[in-house]
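Protein chains in written order, with the numbering used here: chain A, 1 to 265; chain B, 1001 to 1295; chain C, 2001 to 2426.
The reader is advised that the hints may include incorrect statements.
As the list claims (entries may be wrong) - Think about it this way: if two alpha-carbon atoms lie no more than 27 Å apart in a straight line, the pair counts; the simulated BS3-like pairs of lysine-lysine are:
id	chain 1	residue 1	chain 2	residue 2
1	A	Lys-116	B	Lys-1231
2	A	Lys-229	C	Lys-2379
3	A	Lys-123	A	Lys-25
4	A	Lys-111	B	Lys-1231
5	B	Lys-1286	C	Lys-2409
6	A	Lys-25	C	Lys-2039
7	A	Lys-244	C	Lys-2144
8	C	Lys-2144	C	Lys-2065
9	C	Lys-2361	C	Lys-2339
10	A	Lys-120	A	Lys-139
11	C	Lys-2339	A	Lys-238
12	A	Lys-189	A	Lys-244
Quick caveat, the hints were computed from the structure, so don't treat them as lab data.
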Amino acid sequence: MADQNTTSATPALEVHDLTVSYHSKPVLWGVDFTVPQGTLTGIMGPNGAGKSTLIKSIMGLVEMNSGFAHILGGPLEKVRQQVSYVPQRESVDWNFPASVLDVVLMGRYGKLGLFKRPRKADKEAALSCLEDVGLLPFKDRQIAQLSGGQQQRVFLARALAQDADIYFMDEPFAGVDAATEQAIINLLKKMREQGKTVFVVHHDLQTAPEYFDWMVFLNTRLVANGPTKKVFTQEVLKETYGGKLSLLVQVGDLLAEEGLPPRKG
Amino acid sequence: MTLIAGDYWSMLAGCLVAIPCAILGCYLVLRRMVMIGDAISHAVLPGIVLAFMLTDKMDTLPLLIGAGSLGMLTTFLIEFLHRKVRLQEDASIGVTFTWLFAIGVILVSTFVSNVHIDQECVLYGDLVNIPFDLMEIGGKEMGPVAIWTLGLVNLCVLAFVWIFYRQLFITTFDPSFAVAIGISATLWHYALMGAVSMVSVASFESVGAILVVAFLVAPAATAYLLTDNFKLMLGLSVLFGIASAILGYLLAISLNSSAAGGMVTVAGGIFGLVFVLSPRYGMFSKKLRTLFKVA
Amino acid sequence: MNWLEFITFDNALIRNVVLGSTLLALSSSVVGCFTLLRKRALVGDAVSHSVLPGVCLAFLFQGTKDPLVLLIGAFITGWLSLLTIDLITKRSRIPEDAATGLVLSVFFGVGILLLTYIQHLPNLANQSGLDSFLFGNILSISEKDLYVFGAVAICLLTCVWLFYKEFQVLSFDEGYASTIGMPVKGLRLLLTTLTVLAVVVGIQSVGVVLMAALLITPAAAARFLTNRLGPMVIIAAIIGATAGLTGTFISSAFRTPTGPWIVMALSIMALGAFFFAPKQGILAKWIRQRHWNRQIQDENILKAIFQFQLDNNSNDPVQTETLIKWRPMEAKQLRSGLKRLSSQGYLEQNNGWLLTQVGQKRGERITRLHRLWETYLTKYLKIAPDHVHEDAESIEHIITPELELELEKLLDYPEKDPHDSSIPRS
Ligand SMILES: Nc1ncnc2c1ncn2[C@@H]1O[C@H](COP(=O)(O)OP(=O)(O)OP(=O)(O)O)[C@@H](O)[C@H]1O
Ligand SMILES: [Mg+2]
């Protein structure tokens, strides 16, 4: 599906000087990094580090104060069909009256126009994605009647159904048992072999080096970015998880208090 | 009791209010926006009164659009108070709709002296008089005007949810995913609020400004207790809406009281019944299930 | 009713009505503060709609308009509505807002059914007064009733005064309240009872439909004027009382229901607070923004002149045109900024622009902060030297002297910034 002029040398993601704030208080500050295609990238950092915010701003869900993010060498609008997003599981109401298949079919909506309805081919694609995550027997279940791990896999299937090149997944392993986690990671590795690029927000430092070949460490600012071998070091971990920079926090509070006009990108 | 022809027209009008309300209500319930719907239905009042004062007519398309846009204004105002002024959301809703409604009542009580629009009508509408305001085209009687207006609104709402089913569905379930795949959550939010405004205005004459909420929420909530299939939920809520309209009308004429009040009472009664008895999501569903397993 | 009599308080009854209406509005506003802070503002709306069937039922059974009976009826259905909302949200998957809207409208619908039923009963001569419950009409209330409701209102206020401390903790942090051994359940019950009572007395002047405003609007307005609970309650009380007073006056002049006018007065005051509140108001925020924009502009000009002189190693006056070329700025803004700065004593005009001593100092400080922040960003945020300028452009204006000291210490009093320009120090 890749565009003609995006060669494999084009970075999958290029984040440039990104600053994002909520109510004038920056939660991401001057974040700047590039990730090549074909990687399985872990986005790591403590709670409140801004991992979800990073993904949301890349997907255009929260406004950037300054900087930009380019996907496959262009702005999101140009490549939207090639990008897929898996939100945190808590972000939706699982009591919603929808079946598993209904949700997975949503993955096809982006490609359909304003008036077109899903066709048989779309349904088949959705079913095969369900099979990939091992949920085919549950296709007609109401989503509330799934376990947390199964719900997570429904989201994964929906993302697969988008048939994208770049995937952003916010904590796909939250509340998932070890066996399922292994199954999911195998799936993700398979996707990487097919040349897709997958970004995963992850919390477990034990498993991280085994899962990912590229890592981004965040804590309001970017701490490190690079191949796992290079950046997964004691030093980086200590800096990432060793708390916030007090001066940065103070300046951030000051900005919020004064309501300084946001910078123009 | 004996029903005359006029009663059937009134009942039909009741049903035509109940149908679009039930459909839009499903979305409101699932989006947690029932109270915004409540606010809109209150807030269209000043729009209706103003349009009425200006044009001296009740049931024209301009009224529908003019007063409907006030419903949209309510949505904007609530959003503005919540996001820009940063007032908490429930308070934004409360402040907005009471203010606009107060303006409406003041306009009604001070400036308008007409049989069509008075304080009572504001509260619970006037279904009984609907059959007497007839539409004439080229000297031929074509049935009550309100039926035509409501029918038109029904068509619009049905077409709206039919054509844009997917967009509404996805922005209701997972707005951030919708935005991520290029479907604007904001656009569909306002489109939906526009539809609610239009329905509120169209229903005003029949059931008043306040009881519309009951038509919006009661059938939808009842259906939500019974099914896990969204399309079925839409269908069931329409059924419940129609049933409450008809049974409620009968209740009201047997008590010689307000038709809208009767319909709402029945709608509440149906909800109560389902709430107690629903096999899956009701009050005793757990007990019922164990009971059946034992049996 | 005569206008003049009204204003001059000549008539004892009128005086009582006005005072009563003020008192009722005041007591509801006070209780509203707590419901607002507990994020249950719309529950008050549900209660107020739900008292209608109670009033009608009480009337049906008793056949009189005895205020005490009506009050009890209202109280019962008001409470019942809250229990129903609770039951529905706890025992099914209906979300709270839907339960609230459902209970509110269904109770009200039942009330309307009963009310119209009563109105069409042939032999109840005394029924007309019930309408005033809908939009409130304190002017038609009898003196005796007024005393009853007045007494309830005073009870309410006393209760709030007695349990102020407990309610404060409860509204702020219920979990904490229970850990320090407060009887949270009992307190919640009491507060709910007070809310229902507040509604019951409030509807005398505002009516069931608009009662929510009396609970929500004064509290919301007060919230904008202060950050502390005590003053908030007092301000809400004042706003409620003022609205009660003016609303009653106006409505007596127009001979219309009191409720809408009271709500109108409330809303205008609240909108006023939203816009003109000294700290959180829209206007204050806007002024702050403007202030910042201006300060940033000024400091940028001073910085530009300072750096120009530094780079060219001269103390000659700088021409406006040279400045524009040196640091792209909008000409009009630059000119007005230059004028402002010279009137403030930062600049002197003398064949061009010269920094005064204070101007020199300020320009130098901004330059220093800019370069310090750039150094900080490269060192601690690992941002490449060619990416730090933008951020420093805005942060340089906000760093306080204390932070400046801390920054210098943290960076160990650096001599050079990442671009190898020297960091000026005086
Ligand atoms: N909508 C919002 N409004 C205000 N502040 C927010 C909002 N969303 C997030 N924040 C704040 O921004 C910061 C970063 O949040 P974010 O959700 O990006 O963190 P995260 O790294 O994903 O954390 P977690 O591991 O807990 O998911 C947090 O301090 C949070 O409190
Ligand atoms: Mg997160």
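To see whether the hints hold, each was checked on the structure:
| no. | hint | result |
| --- | --- | --- |
| 1 | A:Lys-116 x B:Lys-1231 | holds, 18 Å |
| 2 | A:Lys-229 x C:Lys-2379 | holds, 23 Å |
| 3 | A:Lys-123 x A:Lys-25 | violated, 44 Å |
| 4 | A:Lys-111 x B:Lys-1231 | holds, 23 Å |
| 5 | B:Lys-1286 x C:Lys-2409 | violated, 66 Å |
| 6 | A:Lys-25 x C:Lys-2039 | holds, 24 Å |
| 7 | A:Lys-244 x C:Lys-2144 | violated, 66 Å |
| 8 | C:Lys-2144 x C:Lys-2065 | holds, 12 Å |
| 9 | C:Lys-2361 x C:Lys-2339 | holds, 18 Å |
| 10 | A:Lys-120 x A:Lys-139 | holds, 16 Å |
| 11 | C:Lys-2339 x A:Lys-238 | violated, 52 Å |
| 12 | A:Lys-189 x A:Lys-244 | violated, 33 Å |
When held up to the earlier numbered hints, the structure conflicts with 3, 5, 7, 11, 12 and fits the remainder.
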